[in-house]
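Taking our numbering, the leading residue of the sequence shown gets 1, the next gets one more, and so forth.
Quick caveat, the hints were computed from the structure, so don't treat them as lab data.
Using N, Cα and C, we set each Cβ at its ideal position, and we do this for glycine too.
There could be a bad hint or two in this list.
[Unchecked claim] With a straight-line cut-off of 30 angstroms between C-alpha atoms, the simulated DSBU-like cross-links for lysine-lysine are: (1) LYS63 x LYS85; (2) LYS42 x LYS85; (3) LYS63 x LYS42; (4) LYS63 x LYS74.
[To be verified] Just the calculated beta-carbon pair ranges, DEER-fashion: (5) THR104 x ALA39: 17 to 25 angstroms; (6) LYS42 x ARG99: 25 to 33 angstroms; (7) ARG44 x GLY14: 32 to 40 angstroms; (8) ILE101 x SER16: 32 to 40 angstroms; (9) ARG65 x SER26: 15 to 23 angstroms; (10) THR115 x PHE28: 32 to 40 angstroms.
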Amino acid sequence: VQLQASGGGLVQPGGSLRLSCAASGSIFSINNIAWYRQAPGKQRELVAAITSGGSTSYADSVKGRFTISRDNAKNTVYLQMNSLKPEDTAVYYCNALIREIAGTMNYWGQGTQVTVSS
Numbered sequence: 001v002q003l004q005a006s007g008g009g010l011v012q013p014g015g016s017l018r019l020s021c022a023a024s025g026s027i028f029s030i031n032n033i034a035w036y037r038q039a040p041g042k043q044r045e046l047v048a049a050i051t052s053g054g055s056t057s058y059a060d061s062v063k064g065r066f067t068i069s070r071d072n073a074k075n076t077v078y079l080q081m082n083s084l085k086p087e088d089t090a091v092y093y094c095n096a097l098i099r100e101i102a103g104t105m106n107y108w109g110q111g112t113q114v115t116v117s118s
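Take the sequences, apply the hints, and build the full model.
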C-alpha cells in the first residue's frame, strides 16, 4: 500500500491550491484520513481530518479557509486550500488508517511542498 501526495507548489498570498492524496495497493477500506503539515523548525501539526463517514475537523488556523474531502471510489483525499497565507508555508503530508491484508495499518504519504509568497 502506498499514499501518493500531489498538488503542492508556489502561490501568492490569497491564492488557492488543491492537494490530492491517492492510496494504491491491496486496500480493503480506508478509515480516517488526515492532512498534516510541518514548517521549517516546527513540529508536525494536524491540519484537517475526515472520517470514513465523512465527518470533518480542522485546526483553528485553517477553519473557514481549507476544506478536506474524500472520494472513496478513487481512494483519494483532497485538501482545498483558499485564502492562503505565508504562514501556511510547509510540507504537507497525508496520513491514513488503511485496512489491508496485514490488518489495519497507519500510512504516511511522502509530503508535498506548499510555499505561499509574493
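Comparing the hints with the structure gives:
1. As the CA atoms of LYS63 and LYS85 are separated by approximately 13 angstroms, the hinted pair is consistent with the 30 angstroms bound.
2. Under the criterion of a C-alpha separation no larger than 30 angstroms, the hint pairing LYS42 with LYS85 is consistent with the structure, at around 17 angstroms.
3. For the hint pairing LYS63 with LYS42, the CA-to-CA distance comes to about 20 angstroms; that is within 30 angstroms, so the pair holds.
4. In summary, the hint linking LYS63 to LYS74 is supported, as the alpha carbons are separated by about 26 angstroms, within the 30 angstroms threshold.
5. A beta carbon spacing of about 30 angstroms between THR104 and ALA39 contradicts the range 17 to 25 angstroms that was offered as a hint.
6. In this structure the supplied range 25 to 33 angstroms holds for LYS42 paired with ARG99, their Cβ-Cβ distance being about 32 angstroms.
7. About 25 angstroms separates the C-beta atoms of ARG44 and GLY14, a value inconsistent with the hinted range of 32 to 40 angstroms.
8. A beta carbon spacing of about 38 angstroms between ILE101 and SER16 agrees with the range 32 to 40 angstroms that was offered as a hint.
9. Against the hinted window of 15 to 23 angstroms, the Cβ-Cβ separation of ARG65 and SER26 comes to about 36 angstroms, which falls outside the hint.
10. Taking 32 to 40 angstroms as the suggested C-beta distance range, the pair THR115 and PHE28 conforms, at roughly 36 angstroms.
Consistency note: the structure conflicts with the earlier hints numbered 5, 7 and 9.
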